[in-house]
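K.L.:
Whole structure, please, built from the sequences with the hints as guidance.
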Amino acid sequence: MYSPKIKESLVMAMYQLKLKTGKPITKQANEAIREYVVKFEQDEREEAANAR
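Under the working numbering, think of the first position of the sequence shown as 1, with each following residue one higher.
These are calculated hints, taken from the structure and not from any lab test.
Hints may be right or wrong, so weigh each one.
Said to hold, decoys possible - Mimicking DMTMM-like on lysine to aspartate or glutamate, the simulated pairs with C-alpha atoms at most 25 angstroms apart in a straight line are: (1) K5 with E35; (2) K27 with E8; (3) K7 with E31; (4) K5 with E47; (5) K18 with E8; (6) K20 with E8; (7) K27 with E41; (8) K20 with E31; (9) K20 with E35.
P.N.:
This is how it looks when you write it as structure tokens:
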């Protein structure tokens, strides 16, 4: 399975969020990636609709 390298500065930022929120870094990462993918897909649909 593909395991991308996450920049150290982002890991540190997520660790600080973990300390503040108690939310594990893996859950934070999954949530952020899911939000990004949903937004990307919405933007693609909007661009396709505008191209018509």
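K.L.:
Against each hint, give a clear statement of whether it holds in the structure.
P.N.:
We went through each hint and held it up to the structure:
no. : hint         : in the structure
1   : K5 with E35  : holds, 19 angstroms
2   : K27 with E8  : holds, 17 angstroms
3   : K7 with E31  : holds, 17 angstroms
4   : K5 with E47  : violated, 31 angstroms
5   : K18 with E8  : holds, 15 angstroms
6   : K20 with E8  : holds, 19 angstroms
7   : K27 with E41 : holds, 21 angstroms
8   : K20 with E31 : holds, 16 angstroms
9   : K20 with E35 : holds, 21 angstroms
The structure fails hint 4 only (numbered hints given earlier).
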